[in-house]
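Chain A is already provided as a structure; the job is to place chain B on it using the hints.
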Amino acid sequence: MAPQWHSYYINPGESGQATSIKWKLPPGFKAGPILWPVPIRKVIGDVAGFIYEDNVYLITTITPPKNLRSGMSVRLGATASWLLCREACVPQKSSLELKLRTGPKGNPNPDFAKVVSAQPSRSPTLIGQAKIVDKHAEVKVAVVAPDLVGAQFFPADPTYFGADVSEIKSVSSGISLRVPLSKYSPGIPRRITGILVIPSGAAKGAHWIDIQVTEH
Amino acid sequence: MKIGSLVLATVVLGATALAFGVSSKVEVGASAPTFDTLDSKGKAVRLEDYKGKYVVLEWSNFGCPYVKKHYNSGNMQALQRKYTQKGVVWLTIFSSAEGQQGYYPPAELTKLGVEKKMSSKLIPDPDGILGKLYGAKNTPTMFVVDPNGHIAYMGGIDDKATPDPEDIASAKNYVATALDEALAGKPVTTTKSRPYGCGIHYKN
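From first to last, the protein sequence lines are chains A and B.
Start counting the first sequence at 10; every next residue gets the next number (my numbering).
Start counting the second sequence at 1437; every next residue gets the next number (my numbering).
Honestly, the hints are just simulated from the structure, not real lab data.
Model, not experiment: these values are computed from the prediction.
Take the hints with a grain of salt, since some may be wrong.
Taking CB as the label site, the calculated pair distances span [as the list claims (entries may be wrong)]:
id, chain 1, residue 1, chain 2, residue 2, range
1, B, Gly1478, A, Arg131, 53 to 61 Å
2, B, Glu1484, A, Ser103, 48 to 56 Å
3, B, His1586, A, Lys213, 42 to 50 Å
4, B, Gly1478, A, Asp166, 39 to 47 Å
5, B, Ala1480, A, Gly214, 56 to 64 Å
6, A, Pro117, B, Arg1517, 57 to 65 Å
7, A, Glu96, B, Asp1600, 48 to 56 Å
8, A, Pro12, B, Ala1612, 35 to 43 Å
9, B, Thr1470, A, Val174, 24 to 32 Å
10, B, Lys1489, A, Ala151, 50 to 58 Å
11, B, Pro1623, A, Gly115, 57 to 65 Å
Cβ atoms here follow ideal geometry from the backbone N, Cα and C, with glycine treated the same way.
Just chain A, same shape as in the assembly (with noise of 0.2 Å):
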C-alpha cells in the first residue's frame, strides 16, 4: 500500500471493513478463512481502528482434493475485496488467477516461508476460560508470561468488539485479560477469539486465542 494508506483487520475497529476473499476452485479444492497478520492499533481523530500499513499479506490455505494426482495442472482463482483508507476511503477490488502444475515435490517460495513464520502461531495448547462480566470478557489463558509491558489482544468479532485496549495482566496461573464489550454488541459472544500479542518472556510473540465463554 502506498504510504499513509491502510486496510484493515478481521475486526476493522470503530470504522472500515476487513479484507474479504471469494475464492474459484476446481471441484475437491476448499479454502480456508484468511490467517490474519498482527495488525496495529491506530487511533486518527478519535476515531479507533485495526488496520494494516506498507505491505500486508494475508495467507489463506487451500486443501486439495485427497485424490490429487501429479502432472495436473490446477488453475485457482480469487476475487479479493477490501477498504483501502488514508482521510478519504476507496473500496477496492482485484481479481486473480494462479495456475499451477501439481508434482511429487513441492516448490516452497523462500519469501512465503518468511511470511508464514510471522504469522501469530495457533497452538491448540493455548487454552483458557473466558466469562462476560459487566460488559467486558474476562479471560484467562493459561500461559506464563511475568513481564506484560506492551502486551496487547486484537479482538477478531467486530459484532461484539469495537477497537477498545483490553486490560492485560499477569495472575498466578498465567495472562488475565479484560476486553470491553463494544457499546453495540447484541449480547454475548459465544466465543472469545483474536490475536494475543506476548511482548516477552518464553511465550513471547503473537497468538491466536479460540476460548470459549462459559459463565455470564
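Same frame as chain A, but now just chain B:
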C-alpha cells in the same frame, strides 16, 4: 386603493450560543443527550423542541462510499421522505472538521441537500461537539430517539456492512424496522447494531 406596507425585516444571524448537554451514558433506553444547535440555514435545532416526536439522527459524509451506497441509490432519501411524512424529525449531521474530508460549509450543505433531494435538516458540526456527544465514530451511524427523549435505536443503518448498493434490497434496514415498530406502538426488536462506514474526521 389599499397600499400594503412593505416591511423589511433584517434577520441577523449573530453568534448564537450553541448549547449541548452533558455527555451521559449513550445507550438504548437512556435519555438522548440534549443539544441546541443550528442547521445549515442558521435555524435553531433543539432536541427538546421535538418532545412528542420521533427523531432520527443520521451521521453522514457525502464522500464516504458507505454513504454514497445509500444516497446514489436513493435509499436514504426514500427513508427520509417516508418517515418525515409520518411526522418523524430527521437530522443529517456532518461532524468532519473544517479542512478535513467530509466537511462542507453550511451554504454548500444546504445546496447539496436540495440537489440530493433530502427531506432532512442538515446540521453542520465541524467542531464535532454533537458527534462526540453521541459517540459517533463512522458514517452512516444512526440513532432513533423516541417522543420521551429516550434512545430507541442506535447503530448501523442495516445488516450488510458493504459499500455495494446491490446489498440494499436484501438487507434488513434496522432504522426503518425500528420506526415501523415504534410508530405502531410495538417494542423495538433490534435496538442496536454495529454501525459500519468511514471514520469521522474530527477536529484534532
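Q: Report the numbers of all earlier hints that the structure fails to satisfy, in ascending order.
A: 7
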